[in-house]
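Peer 1: Given the coordinates of chain A, work out where chain B should sit on it, guided by the hints.
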Amino acid sequence: MMRRVFALLIVVLFAVVFWRIVGGYQELQALRPLAEHYVVQGPIELGAPNIVTGILITYRGFDTLGEVAVLFMVAASVGLLLKEDSTTAESADQDRPRREAGEIVRTGTQVLLPMILTFGAYVIVNGHLSAGGGFQGGAIVASGVMLMLLARPGATLNVALLSVVESFAGVIYVFIGILGLVLAGGFLDARFLPRGQFGAFFSAGAIPLISALLGVKVGAELSVILDRFRS
Amino acid sequence: MTTGLPVSTILLITGFCLSLIGLWGMLTQRNILRIIIGFAVIDTGLHIVMVATGYITGGTAPIIDSALSKADAARRAIDPIPSALVVTAIVIGLSVTAVMLSFAIRLYAAKKTLSIDAFTESKW
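Chains A and B are the protein sequences, given in the same order.
With full-length UniProt numbering applied, the first sequence has no gaps in its numbers, which climb one by one up to 231 at the end.
With full-length UniProt numbering applied, the second sequence has no gaps in its numbers, which climb one by one up to 124 at the end.
Chain A extracted, bound-state conformation (with noise of 0.2 Å):
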């Protein structure tokens, strides 16, 4: 009973914070500098019509190595917390099989799959002209793979093949940003590559390939992820 007391005491006072800044808000009407110079040298200086792909990717890309470093390290040590205990209490639940998914699971799998990795590629690919990017179609990839997964429990990912994917993305990744630093303007500047027509799918320099990159990075990082929470 005391906890709880505490614990609505914690929440009334965290609404009353919440209270006073929802109040003192203010709607913009108009951008703050830094967004106005994205919002305007952007398109020109990088040539990819979305902003928020080139601010990601370009102006803080750096962000995104460390971003797509805290993942790496994420499904390392998630490797690592559920290998141990794979070996004792695994054993006792390896002896009963699996069961097997539904009709409706099964047959939706075949419907959907090739239309969710489609369409995570499509994201992917097309993160400088519209919404989308690297890490979404990464994440709807893995969903798709994730479906699979529940479909087919009895299916095996071949993880050493993903990893050495992942890391060879994770190299070209900071290979591409070298290039940068040696032929632009800097670290991960993505400029290095021809501009090309305002619009066009081969166009924004380097952002469709570092988007591509990072998309089969996040996509095999998470799919891995996945699976070492299912045994």
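Among the hints, a few may not be true.
Heads up, incomplete: computed chain A residues facing chain B, CB under 10 Å, no partners named [to be verified]: (1) Val-12; (2) Ala-15; (3) Trp-19; (4) Ala-35; (5) Pro-49; (6) Ile-51; (7) Gly-66; (8) Leu-149; (9) Leu-222; (10) Asp-227; (11) Arg-228; (12) Phe-229.
Stretch by stretch, here's where chain A covers chain B in the computed footprint (C-beta under 8 Å, at least three residues) [said to hold, decoys possible]: (13) 7 to 19; (14) 22 to 30; (15) 51 to 62; (16) 73 to 85; (17) 94 to 102.
Going by beta-carbon spacing under 7 Å, a handful of chain B positions derived as facing chain A [unchecked claim]: (18) Asp-65; (19) Thr-88; (20) Val-91; (21) Arg-106; (22) Lys-111.
I should point out that these hints are in silico values taken from the structure, not numbers from a laboratory.
None of these values were measured; they are calculated from a predicted model.
Ideal Cβ placement from N, Cα and C applies to all residues, glycine included.
Peer 2: For chain B alone, kept in the frame of chain A given last:
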């Protein structure tokens, strides 16, 4: 459509309410999985709040196409920076959730229960 309240205020209230629900869940639930769900709900609420702070009255998505010309962009596009930051935040939130879930699996393997009351070793 006019509702009296600005769009960003509605979103701020929604996001903060979600965060409060998540906080309440984290503080009152004793099952580790439910605590993790509470964390995920807090996370989602704060993402909504962050995106809402980038909204500009009458703004649209910052994508230059036939609907939004380059010249128009400075007036009509929303602030793209919070959106870009939220993409990062979502991925980090997912990573933290994944690590917490794997710890939960380990804890379950150690004690065969998910109630946080069973784990008294690290209590002060």
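Peer 1: Would you mind marking each hint as holding or not holding in the structure?
Peer 2: Here is what the structure says about each hint:
1. Given hint, A:Val-12 at the interface with chain B, holds; its Cβ is 9 Å from that chain's nearest Cβ, closer than 10 Å.
2. The restraint placing A:Ala-15 at the interface with chain B holds, with a minimum CB-CB distance near 6 Å, inside the 10 Å limit.
3. For A:Trp-19, the shortest C-beta to C-beta distance to chain B is roughly 8 Å, which falls under 10 Å, so the interface hint holds.
4. Evaluation of the A:Ala-35 hint against chain B yields a held restraint, the C-beta minimum of about 4 Å falling below 10 Å.
5. Against a cut-off of 10 Å between C-beta atoms, the interface hint on A:Pro-49 holds, since the closest Cβ of chain B lies about 4 Å away.
6. This hint holds: A:Ile-51 has a C-beta 4 Å from the nearest C-beta of chain B, less than the 10 Å allowed.
7. Interface restraint check: A:Gly-66 against chain B, minimum CB-CB distance 9 Å, threshold 10 Å, status holds.
8. Residue-level restraint check for A:Leu-149 is violated (minimum Cβ-Cβ distance to chain B is 15 Å; threshold 10 Å).
9. The interface hint given for A:Leu-222 holds, since its Cβ lies 8 Å from the closest Cβ of chain B, which is under the 10 Å cut-off.
10. Proximity of A:Asp-227 to chain B is violated relative to the hint, the smallest CB-CB distance being about 12 Å (cut-off 10 Å).
11. Annotation: A:Arg-228 was flagged as interfacial toward chain B, and the flag holds, the nearest CB pair being 8 Å apart, inside 10 Å.
12. Evaluation of the A:Phe-229 hint against chain B yields a held restraint, the C-beta minimum of about 7 Å falling below 10 Å.
13. A stretch counts as covered by a chain when three or more of its residues have a beta carbon under 8 Å from one of that chain; for the segment 7 to 19 of chain B and chain A the count is 7, and the coverage holds.
14. Only when three residues or more bring their CB closer than 8 Å to a CB of chain A does the claim for the segment 22 to 30 of chain B stand; here the count is 4, and the claim holds.
15. For the segment 51 to 62 of chain B, the stated coverage by chain A is satisfied: 7 residues place a CB nearer than 8 Å to a CB of that chain, which reaches the threshold of 3.
16. Residue count for the segment 73 to 85 of chain B with a Cβ under 8 Å from a Cβ of chain A: 9. That meets the three needed, and the coverage hint holds.
17. Proximity of the segment 94 to 102 of chain B to chain A, defined as three or more residues with a beta carbon under 8 Å from a beta carbon of that chain, is established by the 5 residues found.
18. Because the smallest distance between the Cβ of B:Asp-65 and any Cβ of chain A comes to about 6 Å, under 7 Å, the interface hint for this residue holds.
19. The closest approach between the C-beta of B:Thr-88 and any C-beta of chain A is roughly 5 Å, which is under the 7 Å cut-off, so the hint is satisfied.
20. Checking B:Val-91 against chain A by beta carbon gives a least distance of about 5 Å; that is within 7 Å, so the hint holds.
21. A least Cβ separation of about 6 Å between B:Arg-106 and chain A falls short of the 7 Å threshold, and the interface hint therefore holds.
22. Because the closest C-beta pair between B:Lys-111 and chain A is about 12 Å apart, greater than 7 Å, the hint is violated.
Consistency with the previously given hints fails for numbers 8, 10, 22, ordered from lowest to highest.
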